[in-house]
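So the sequence lines, in the order shown, correspond to chains A and B.
Just so we're aligned, residue 8 is where the first sequence starts under the numbering used here, counting upward by one.
Just so we're aligned, residue 8 is where the second sequence starts under the numbering used here, counting upward by one.
Since the hints were derived computationally from the structure, they do not count as laboratory data.
Errors might be hidden in some of the hints.
Copies of one chain are not kept apart here, so a pair can be met inside one copy or by any two copies together.
What the hints assert, rightly or not - Calculated pairs, DSBU-like style, for lysine-lysine (alpha carbon to alpha carbon, straight line, at most 35 Å):
1. K106 / K213
2. K206 / K165
3. K218 / K165
2 protein chains.
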Amino acid sequence: MLLQYAEALCARHLVLASASPRRREILGNLGLKFDVVVSRFDEDLDKAKFGNGGEYAMATAQHKALEVADRLEQEENSPFMIIGADTVVEAPDGTIMEKPKDEAEATNMLLSLQGVSHQVHTGVSLVFTDGRLVKSFSETTHVTFAPLDTEEIAAYVKTGEPFDKAGGYGIQGPAGAFVSSISGCYFNVMGFPIHKFAKTMSDLIKDETIKP
Amino acid sequence: MLLQYAEALCARHLVLASASPRRREILGNLGLKFDVVVSRFDEDLDKAKFGNGGEYAMATAQHKALEVADRLEQEENSPFMIIGADTVVEAPDGTIMEKPKDEAEATNMLLSLQGVSHQVHTGVSLVFTDGRLVKSFSETTHVTFAPLDTEEIAAYVKTGEPFDKAGGYGIQGPAGAFVSSISGCYFNVMGFPIHKFAKTMSDLIKDETIKP
């Protein structure tokens with residue numbers, strides 16, 4: 008998909024506009040080399056203005072990437088490709104969940120997710136500073152949690168895992184055991200839809216919108 | 008699910024009868040402590056004798072766990088809980104794929120998987136040496152690969168990734184980008200169905216078949 012271009016892409020200056028260690032790991036798995044420049048965008052868009060969590064995440068990802076692009080262009084003249092991403096959890100009632108701020112909020116998030124299916128949306132925005140091409144998309148995965156009792160949720164919250172994760176859980180850690188099944192891209196739940204990213208990049212290379 | 012018993016379970020002597028670093032990682036994520044004793048079972052059961060890949064994997068997992076149990080019981084008197092596991096890929100035509108032995112076999116496996124959905128089965132067998140309780144199960148996940156051209160497959164085979172993995176790919180590595188979607192447990196594709204394991208252990212503890 009992208010593997011055959013990985014070497015050529017490494018010659019470009021790729022920048023991941025995210026502090027997430029999961030995103031770093033997933034992109035690294037593809038064989039890409041990149042710098043990390045954490046976006047200073049406030050992530051305070053009005054959720055009510057978006058039709059669903061996917062559109063909200065995509066808009067936030069685009070703001071993150073553009074903020075980093077603006078900053079880097081002021082510092083350096085060589086072209087960059089910036090990768091912005093944002094992940095949200097959409098509860099069955101449509102509530103968009105980001106990172107919980109305390110134990111009580113984490114517990115309430117997990118109580119609303121246990122025993123039912125929810126959606127995880129990751130928005131991705133690619134900003135190419137030469138020509139200012141912006142390509143954004145979102146990916147949705149359906150995740151089903153097994154029924155959990157309050158004791159299980161309390162033991163999980165106690166681990167500290169929920170606090171830097173949208174919806175209050177990380178599928179790649181102990182909460183992986185809570186998930187009875189998923190439908191869609193697993194890496195999207197971890198925070199980066201690697202298949203859709205690779206496909207998008209590969210298409211941009213094939214139609215010569217970008218050169219590897 | 009199991010998190011609240013993790014501390015108590017750590018007091019038992021758990022043994023993973025598998026050399027797979029992925030299984031070690033997944034079990035470690037649950038907070039469990041365990042030793043690794045690699046099974047010497049030959050993994051040569053006659054596939055034609057099994058109705059599907061899940062039954063074959065479950066039988067192989069049980070042979071692996073029992074072989075380690077027999078060995079450890081001769082060496083030590085204290086009770087163990089042995090965890091055996093085996094993963095196979097079942098191609099759309101029903102062929103059961105294990106690890107490819109060379110580049111040509113890896114390439115052929117990937118050619119038969121690209122653009123279609125296949126099944127990944129992991130069999131798990133838990134052997135409790137006190138009372139000789141054996142509990143075995145299998146889990147199946149459906150995995151859909153995007154269409155891949157021969158260049159992409161060749162680039163992947165060249166990485167050396169396929170050779171210690173059933174079906175010739177590891178979803179947690181660069182091949183993650185080939186997977187457009189999965190349906191079921193992701194960790195099962197990596198080699199260990201963590202949700203079903205946690206649920207099974209939790210049920211055995213709740214009905215007092217085993218004490219944590």
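Verification of the supplied hints:
| no. | hint | verdict |
| --- | --- | --- |
| 1 | K106 / K213 | between (37 Å within a copy, 33 Å between copies) |
| 2 | K206 / K165 | between (39 Å within a copy, 20 Å between copies) |
| 3 | K218 / K165 | between (48 Å within a copy, 23 Å between copies) |
Violated hints are absent here; each numbered hint is respected by the structure.
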